[in-house]
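*Asks:* Sequence lines, in order, name chains D and X.
To get this note's numbering, take the position in the first sequence, counting from 1, and add 3.
To get this note's numbering, take the position in the second sequence, counting from 1, and add 8.
Incorrect hints may have been included.
Keeping only pairs whose Cα atoms sit at most 25 Å apart, straight-line, the calculated SDA-like set for lysine to any residue is [to be verified]:
hint	chain 1	residue 1	chain 2	residue 2
1	X	388	D	44
2	X	184	X	245
3	X	356	D	413
4	X	59	D	202
5	X	66	X	20
6	X	60	D	202
7	X	60	X	72
8	X	61	D	77
9	D	202	D	149
10	X	66	D	413
Calculated from the structure, these hints are not laboratory results.
In this text, all values refer to a predicted model and were calculated from it rather than measured experimentally.
One letter stands for each residue in the lines below.
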Amino acid sequence: MASEQDKIISEVTASDYKFGFHTLIETDTLPPGLNETIVRAISAKKEEPEWLTEFRLKAYRHWQTMKMPEWAHLKIPEIHYNDIIYYAAPKRSAKYESLDEVDPELLDTFNKLGIPLEEQKQLAGVAVDAVMDSISVKTTFSETLADLGIIFCSFSDAVKNYPDLVKKYMASVVPYTDNYFAALNSAVFSDGSFCYIPKGVRCPMELSTYFRINAANTGQFERTLIVAEDDSYVSYLEGCTAPMRDENQLHAAIVEIVALENAEVKYSTVQNWYPGDRNGKGGVYNFVTKRGICRGDNSKISWTQVETGSAITWKYPSCILLGDNSTGEFYSVAVTNNHQQADTGTKMTHIGKNSKSIIVSKGISAGLSQNSYRGLVKVLKGAENARNFSQCDSLLLGDKCGAHTFPYLEIDNDSAIVEHEATTSKIGEDQIFYCNQRGIDTENAIGLIVNGYAKEVLNKLPMEFAVEAQKLLQITLEGSVG
Amino acid sequence: MKTLTEKTDTVNKYVTLFHEHQEEIMDAEPAFLSEMRREAITNFERLGFPKKKAENYKYVHLEPFFNGSLETRFAPRKLEFDIQEMFRCDIPTLDTHVLLVLNGFYYTTTGEQLVEQENGVIFGSLNEATARHPELVSQHLGKYADYRNDPFVALNTACAQDGVFLYVPEKQTLDKPLQIIHLLLSDENEMVQHRNLFIAEKHSKAEVIICDHTLSNHLFLTNSVSEIAVAENASLDVVRMQNEHNQAVQITNTWIEQHRDSTARHSTITLHGGKVRNNLQVKLKGENAHCDANGLFLIDKAQHVDNFTVIEHQQPHCTSNQHYKGVLDDAATGAFSGKIHVFPDAQKTEAYQTNNNVLLTRDAKMHTKPQLEIYADDVKCSHGATVGQIDENALFYLQTRGIPREEARLMLMYAFADEVISGIREEALRDRIANLVSRRLRGELSRCDNCAINCYD
């Protein structure tokens, strides 16, 4: 049985990337390279105001003084920043009124990805701001949202239409000096999403945006800003797939969330970018800075992520719990296969009194991959009665992969209660045996066990996403797609 | 060990010191040792001290302590004092071979530098052992502690002159525990480096108790290295009691290498100490080896204790348990960093690690960093860490049974510490430590208890 199981595991771990295709759309690109001229050119192309150009330049100058961080448990090949194209926009960037006007090839791309853009309006009730290579192509449901005073648009539109809001909140959570990739993003960010929920408004639908890296050699530098005013609520979804490509693609995004008094923001991600082929060739480098600040009392930020793609993932969605009684949550499933490497986790900074945080991280490694959890729980002196619970479990499928845990607990308050637990194990043979005995074959049994293992996190995803996430895990596990 | 380091004036100071005293340091010693010293000092010059915020030294920056005006000696100094009067170990029921190491040099009142027993067991001065048994020492010295990549080990290797040597030959048992008392006594501020080497050959058994004490109120900086080799099916227990005054800085580096079916137990009990950094590196190099590493610290005022462990599971079927606890009072700060490293193909590994801490005041601070690095799939590994305070419910329960709150609090704290103490196997020692801890918790114990000079903290 053991050999059969090994066979299935090897089949499972050998399955190829399902979403590998490349749409041929004319793109308007700047020459590759990074210097002040390019930064200015990006800014000029996007018709940005002076202050933003200055911000980019400041960030660029600061970036030049920084060094690539080496502390992560990752082997990152050298990145040639001067070979990357920093701006690519679909050429026909005119605004469309209806779907008929949209490039049919583009629509086809979305259809292949399983995003029924035309249907979604009526059926799913999800407003989609689809981002394809940096420029927003279509924004739906804006009108419905506008009635409630909710702003949900592309970042460049927000700069044009709501400069005061952008100016007030942009870089307030992740300053351009924060880290190497945040500085790079601040200098060259192309587009992204902006979301503003006014006071007392509960957003009636899940907001979602699909990112997709398309043109070859284009690093994508998204920037997302979500602001939730007092007593508001929003659930935001982000999901991504990228086509097959041989050269590594760099993705350095920034997500900033601001939650004011009694506000709640739920941010969910499904990430399935191209992880490289079986020999570790190609794949996306995903270096993302995600951070939310619970600025007001009783506010809450919740991160949920399902990470299955990317050759290298370097991502730590974090919460700064500044307000009293504020809550931070982090739920993560990270699956790595073949030569993938992931170093992901979270940072919970407790500043406010009675602030609470919970961390649940489930790592699954297969093939030759390395999967690390790295997290920091920091309780500052004034954070009376702060409470944290962290749980990190790792599951190993195969004897060539690695699972690592690097938690940091820094406690500066005696009334704080902080707990951390971690386990590492392989799939239980007795569990598989039990399933076999009940007539479930080994392949399905592994699927069942892994899904059950990840359930705690998958349950936190909104309905629309849970299905997709489960499908992703299923694909990895069944080896059905060759 | 990877550390971010930098070359500074302090580094140059010690490199210069080495070169100036080279002749004195290498006086009448075998060539292999001098060769090793030269290599070590070159490594130290290259490595430098760990930088501020270097990952492995994130919560304690040690370099400034090396900067002060400290005397460093490469030969023992004549000190007029009566050891019997100055210091008496008060574990009367404990029958041990007592060895004294004074300021890093082996000290004997009888003139006997090295004891060689009939069954082949050797213990005594490392310096003397190197002279009398160069072949034996050269086989082991510098083979376990990594003086190529660890700056503190490199500095120690280059400069250390003496320490304790223990050799237990095949199939022999050390008749009673070896008790090593490291005493620090001086009339000036001093830096002390000493080195211990314990070798347990196949199927042998030994117990070692190490006590670190300060006897005078001067600033002491200790950088000690202990190398421990546990061969096939051998068993070695080490208990270290640290009881130094609040201005002492102590860096201990313990490197243990274990072979097939061997057992090693290492406990560190820190009762007092200004700044303490304990590095413990265990390499499980044979199948079915077992290692227990425990630690307990009870600190107050502005003390800092930093326990750093790395346990490498290099072979299948090994087990390890780590249990570290800390009680922090006043403005004390503590740190724990423990790593379990499971090598590829080290299947059936079982490795557990627990770190629990109690903060008693608002100003106390604890940093903990339990880490797992696992490259094999059929393993059972877990770690847990908690930082909190005495459980209010438990306190309330005891109060309902008529126990006063303060007494209940002490009971709970004692119970908290007892988990580590109960792991010590030598009964007399366990009772003694339990007693010390209990008095320490009540605030009745000062480090001066077993010292005749009643100098002031």
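*Asks:* All hints are to be evaluated individually against the structure, with a verdict given for each.
*Replies:* Checked hints:
{"no.": "1", "hint": "X:388 <-> D:44", "result": "55 Å, violated"}
{"no.": "2", "hint": "X:184 <-> X:245", "result": "12 Å, holds"}
{"no.": "3", "hint": "X:356 <-> D:413", "result": "32 Å, violated"}
{"no.": "4", "hint": "X:59 <-> D:202", "result": "48 Å, violated"}
{"no.": "5", "hint": "X:66 <-> X:20", "result": "23 Å, holds"}
{"no.": "6", "hint": "X:60 <-> D:202", "result": "45 Å, violated"}
{"no.": "7", "hint": "X:60 <-> X:72", "result": "10 Å, holds"}
{"no.": "8", "hint": "X:61 <-> D:77", "result": "20 Å, holds"}
{"no.": "9", "hint": "D:202 <-> D:149", "result": "14 Å, holds"}
{"no.": "10", "hint": "X:66 <-> D:413", "result": "11 Å, holds"}
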